[in-house]
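Enquirer: One letter stands for each residue in the lines below.
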Amino acid sequence: MSRSAFTRRMIVAGLASAAALPMAQSALAQAGASAPVTIGFITTLSTPAGYIGEDIRAGFQLALTDGKLGGVPVNLAIEDDALKPANAKQAADRLIQSGVKLFTGVNFSNVLAAVVPGVLESGGYYVSLNPGPSSFAGERCHRNYFVASYQNDAFHEAAGLSANRLGYKRVALLAPNYQAGRDALEGFKRTFKGEIVSEIYTKLDQTDFSVELARVRSLAPEAIYQFHPGGAGINFAKQYANAGLGKSIPMLIPAFSMDAHMVGATGDAADGIYASALWTPEATSPASKAFVEAFRKAYSRTPTMYAQQAYDTANLIGSALKAVNGDLGKQDEFRKALRAAQFTAVRGKFSFGPNQHPVQDYYLMKFEKRPSGEIVQTIVRKIAEDYGDAYAAQCKLN
Amino acid sequence: MILFVEQALNGLQYGSMLFLLASGLTLIFGIMGVINLTHGAFYMVGAYSAAFAVLSTGSFLVGIAAALLGAGLYAVLVEVAVVQWLYRRDHLYQVLATLGLILFTNEAVSMIFGRRPPLMDIPPFLQGSIPLLPGLDYPLMRIAFIVTGALVAIGLWALVNHTRVGMLIRAGADDREMVDALGIDIRRLYTLVFGLGGALCGLAGVMAAPLLAIEIGMGERVLITTFVVIVIGGVGSVRGALVGALLVGMVDSLGRAYIPQLLQLSLPASAADTLGAGLVSASIYVLMAIVLLVRPNGLLPARR
Amino acid sequence: MMTSRLRLAVVAGGLALLLTAPLLAQLTGSAGLLGLANRIAIYAIAAVSLDLILGYGALVSFGHAMFFGLGGYAVGVIAFHTGAGEPLFGWQGSNAALIVWPLALVACALLATVVGTLSLKTSGVQFIMITLAFAQMVFFVLISLQSYGGDDGLLLDRRNTLPFIDLSRPMTFYYVCVALLVAWTAFCARVVNSRFGLVLQALRQSERRSINLGVDPFPFRLTAFVISAIGTGLAGVLWANYARFVSPDMAAWSKSGEFIAIVVLGGLGTLLGPIAGTAVFIALEQILSIWTEHWMIVMGPILTLVALFGRRGIAGRLFGERNG
Chain P
0 MSRSAFTRRM
10 IVAGLASAAA
20 LPMAQSALAQ
30 AGASAPVTIG
40 FITTLSTPAG
50 YIGEDIRAGF
60 QLALTDGKLG
70 GVPVNLAIED
80 DALKPANAKQ
90 AADRLIQSGV
100 KLFTGVNFSN
110 VLAAVVPGVL
120 ESGGYYVSLN
130 PGPSSFAGER
140 CHRNYFVASY
150 QNDAFHEAAG
160 LSANRLGYKR
170 VALLAPNYQA
180 GRDALEGFKR
190 TFKGEIVSEI
200 YTKLDQTDFS
210 VELARVRSLA
220 PEAIYQFHPG
230 GAGINFAKQY
240 ANAGLGKSIP
250 MLIPAFSMDA
260 HMVGATGDAA
270 DGIYASALWT
280 PEATSPASKA
290 FVEAFRKAYS
300 RTPTMYAQQA
310 YDTANLIGSA
320 LKAVNGDLGK
330 QDEFRKALRA
340 AQFTAVRGKF
350 SFGPNQHPVQ
360 DYYLMKFEKR
370 PSGEIVQTIV
380 RKIAEDYGDA
390 YAAQCKLN
Chain X
0 MILFVEQALN
10 GLQYGSMLFL
20 LASGLTLIFG
30 IMGVINLTHG
40 AFYMVGAYSA
50 AFAVLSTGSF
60 LVGIAAALLG
70 AGLYAVLVEV
80 AVVQWLYRRD
90 HLYQVLATLG
100 LILFTNEAVS
110 MIFGRRPPLM
120 DIPPFLQGSI
130 PLLPGLDYPL
140 MRIAFIVTGA
150 LVAIGLWALV
160 NHTRVGMLIR
170 AGADDREMVD
180 ALGIDIRRLY
190 TLVFGLGGAL
200 CGLAGVMAAP
210 LLAIEIGMGE
220 RVLITTFVVI
230 VIGGVGSVRG
240 ALVGALLVGM
250 VDSLGRAYIP
260 QLLQLSLPAS
270 AADTLGAGLV
280 SASIYVLMAI
290 VLLVRPNGLL
300 PARR
Chain S
0 MMTSRLRLAV
10 VAGGLALLLT
20 APLLAQLTGS
30 AGLLGLANRI
40 AIYAIAAVSL
50 DLILGYGALV
60 SFGHAMFFGL
70 GGYAVGVIAF
80 HTGAGEPLFG
90 WQGSNAALIV
100 WPLALVACAL
110 LATVVGTLSL
120 KTSGVQFIMI
130 TLAFAQMVFF
140 VLISLQSYGG
150 DDGLLLDRRN
160 TLPFIDLSRP
170 MTFYYVCVAL
180 LVAWTAFCAR
190 VVNSRFGLVL
200 QALRQSERRS
210 INLGVDPFPF
220 RLTAFVISAI
230 GTGLAGVLWA
240 NYARFVSPDM
250 AAWSKSGEFI
260 AIVVLGGLGT
270 LLGPIAGTAV
280 FIALEQILSI
290 WTEHWMIVMG
300 PILTLVALFG
310 RRGIAGRLFG
320 ERNG
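Protein chains in written order, with numbering that gives the first Met the number 0: chain P, 0 to 397; chain X, 0 to 303; chain S, 0 to 323.
Just to be clear, a hint being listed does not mean it is correct.
Chain X stretches covered by chain P per the calculated footprint, using a threshold of three residues with CB under 8 Å from any CB of chain P [as the list claims (entries may be wrong)]:
hint	stretch
1	116-122
2	130-140
3	211-218
Note that these hints are calculated values from the structure, not bench results.
Please read these numbers as outputs of a predicted model, since none were measured by experiment.
For each residue, glycine too, the CB sits at the ideal point set by N, CA and C.
Let the sequences and hints guide you as you build the complete structure.
Expert: If you want it as structure tokens, here you go:
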């Protein structure tokens with residue numbers, strides 16, 4: 000997924016956030032088993048998108064017990080990228096220079112693109128807990144690069160399948176005019192069998208969608224598929240409902256166009272929206288229930304999907320750290336353990352495909368208003384089982 | 000045709016919002032000669048005040064009052080604490096000081112209210128749409144926005160042209176030294192105008208809140224556009240702000256509605272999309288550059 | 000007066016600090032220190048350049064980030080074509096700094112000539128806003144460059160190359176940046192003290208008088224604008240090489256605002272002041288953001304206080320130099 004664009008216009012670049020780690024730490028990182036393993040954790044904490052970073056950090060830390068992950072002491076070197084790829088890259092370079100080998104945390108594709116190449120060049124590992132851009136999923140896949148969340152396109156492909164399943168024949172598509180937006184629509188078109196009546200690209204930074212909504216109304220499609228993360232997504236859903244379109248033309252979205260916090264800010268306008276998703280806080284599996292309960296207890300709020308993914312990622316890393324007893328020098332064993340994915344994922348089934356991206360189940364969900372007035376995301380049906388991604392075949396690992 | 004009317008209404012609504020923001024900014028600039036980048040922050044403060052008032056009382060009218068008061072008082076505070084020391088200074092210092100205030104306000108709001116955008120629903124009496132023409136239903140909330148803009152325009156016209164304060168405002172915009180020389184307590188006039196500008200931002204904030212996400216940084220997104228409006232209209236002139244706001248609102252809305260479609264007639268789809276989006280984004284800046292080259296002082300400058 | 004000796008001491012001290020930064024970084028074992036110093040050196044070039052028109056010409060450009068962005072993108076785009084083996088207008092591309100950098104600077108000079116010619120038809124606030132308008136147009140053009148990453152930006156595989164000098168080594172690259180900063184500042188100082196510079200300052204003080212004396216302000220101002228743009232472009236070129244990454248952010252209006260803040264912080268019309276301003280600004284940002292996530296709550300008021308009380312910026316405090 001991509002960022003909510005406006006944040007780029009936040010004043011003053013948070014030019015790099017933390018100074019270097021002291022040298023002592025890098026020595027520790029190499030000392031092996033007993034010393035804590037430093038995990039470079041670069042994420043977005045400031046800017047309006049900061050709530051995502053907060054949830055990612057909270058979810059990851061929830062998986063730690065007494066500062067240990069998989070029984071191995073870990074030390075999180077948390078850096079704020081302020082949603083600027085250049086900042087993230089500087090932070091990563093600094094951590095690499097001080098000997099950090101294991102990285103995670105980034106929550107936006109464009110930031111990831113700036114961080115990952117440097118980490119891999121230095122012989123380090125990157126385990127993504129949110130974005131899975133296509134650029135690193137196919138030919139450019141790498142044995143030290145793992146994505147524990149999803150491949151970006153897969154959400155949109157699952158949405159296309161959902162639209163088929165819901166019986167829509169004519170659909171209008173809307174997305175912001177940048178890379179992630181275009182990818183979203185491409186992914187949807189890959190699996191959708193009906194007619195696309197129009198592809199409407201919105202401006203980066205747009206807050207008012209009245210013009211586009213008028214266009215949708217005049218096109219009269221059976222449904223729309225729209226991808227607007229963050230504040231733009233809230234704006235879109237509110238204005239869609241206000242224009243009276245919510246009743247007449249159903250809306251289908253990928254999960255990150257309406258996370259738990261966005262639901263809070265959108266209110267009743269979210270009622271009736273369909274979403275393509277991996278997980279919902281309402282899921283009934285024991286692992287999920289335990290996670291949601293623990294998260295609520297620790298932070299007194301409902302976790303978003305970002306927190307869930309970070310929690311799963313932390314447990315994945317923990318399982319691999321345990322296998323090598325914290326010694327990242329045992330490279331083959333560490334990679335093998337990561338690939339085996341021996342952990343209980345909150346979302347349910349989880350394994351890695353040949354490109355080290357997830358193979359998992361996707362669901363069609365619906366936002367519904369409970370009698371209590373609360374809006375919750377409930378599962379309509381499983382839409383794709385053991386679903387990998389379109390790029391795995393192009394990846395030649397080993 | 001119906002679609003065109005609807006898109007024009009959308010332009011009018013956007014213009015209305017821009018006018019609420021620009022009228023205060025242009026007065027502040029025209030009378031005090033201050034470049035006030037904090038103006039967008041007043042709008043944000045207004046929206047947050049409204050959202051939390053509505054959340055705790057459930058009444059939209061209380062929300063309006065809270066927005067006007069919150070934004071107005073914050074503006075007065077900013078004027079008294081910071082801006083009044085900068086009246087005779089170079090624009091550069093005003094830019095730096097108010098830039099600092101933006102950072103401060105954004106962070107303060109996120110610390111007080113949290114980073115999660117609060118919810119504000121459309122009040123029951125403004126929900127739904129009404130038929131304006133056969134086949135054209137338009138949301139009541141947006142109509143209310145347009146009406147608010149029109150009322151403020153009339154109110155400001157009356158204030159500027161038919162009251163003593165208005166006379167001073169006009170005199171101040173025309174010739175700052177003269178008002179000084181008349182021995183009028185210019186301090187108070189300045190604070191008043193600042194508070195008025197802030198309250199108008201608050202009004203824009205409360206009207207926009209049910210339609211938009213209320214979030215940190217929402218002010219900066221409209222700030223630059225607001226400056227474009229006042230420069231096109233002519234700095235210091237309320238009439239100019241009105242014309243500029245409507246022009247920018249229309250160009251933006253109609254551009255978004257029709258530029259991509261027009262380009263698709265002559266270009267392959269992918270090229271048209273890319274070029275169209277670029278053109279749409281840049282359209283108001285191109286408009287401003289053209290206006291400035293033809294009429295360097297804007298379309299309807301205050302008399303000097 | 001102590002002033003000139005004090006000034007010499009401060010300049011020598013500052014230069015010594017710049018030159019020994021890598022050593023300090025090694026001694027304290029903080030790898031980040033060199034990066035910090037390098038960012039300061041690069042930004043300082045832009046700050047000195049902007050001071051040329053801001054401080055000496057009283058031309059408030061709120062769009063200088065467009066040259067920073069263009070310089071960076073020139074490097075990025077050429078590197079992209081060279082790396083991908085796709086010719087650019089039939090040219091194979093090059094990785095040689097001696098070819099790429101001058102091309103980037105020529106591009107900036109051309110853009111500045113066009114923008115300057117148009118913008119200088121206005122003055123005052125209108126000048127501020129029209130430069131902003133052009134910068135926004137550049138920003139949106141960069142965003143719509145789909146083949147060059149659009150708003151995601153462009154990663155560079157490696158830095159440009161110089162004969163005999165290995166720019167891929169952080170310390171070497173740092174000293175190249177410092178050398179360019181010193182050379183550029185010296186050049187700007189010469190410009191300021193030349194007949195050209197004196198006319199520019201006379202125009203700032205009283206445009207009418209100068210015109211009465213038969214001076215046409217336009218060519219002077221345009222030349223200053225172009226020189227300033229070239230310097231800012233150079234900073235963009237170095238930034239692209241330093242970060243090995245360019246994105247439309249480089250041309251965002253907030254970047255222009257940041258440049259202005261740095262110059263005012265350092266002291267308008269002092270050339271050396273903006274260098275100190277850069278160091279303070281960037282170091283402050285870094286220190287505060289380590290200290291707290293909410294660092295802007297401190298940074299904001301600091302900027303405001305500087306504007307209120309630091310009438311002549313850091314340089315003014317230190318040397319009691321001329322005003323802004």
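Enquirer: Given that the stretch 211-218 of chain X was listed as covered by chain P, double-check it with a C-beta distance under 8 Å for 3 or more residues.
Expert: Per the Cβ count (7), the hint holds.
Enquirer: Do at least three Cβ atoms from the stretch 116-122 of chain X come closer than 8 Å to Cβ atoms of chain P?
Expert: Holds: 5 residues of the stretch 116-122 of chain X have a Cβ under 8 Å from chain P.
Enquirer: If you count the residues of the stretch 130-140 of chain X with a beta-carbon closer than 8 Å to a beta-carbon of chain P, do you get 3 or more?
Expert: holds (count 3)
In summary, the structure agrees with every hint in the numbered list given earlier.
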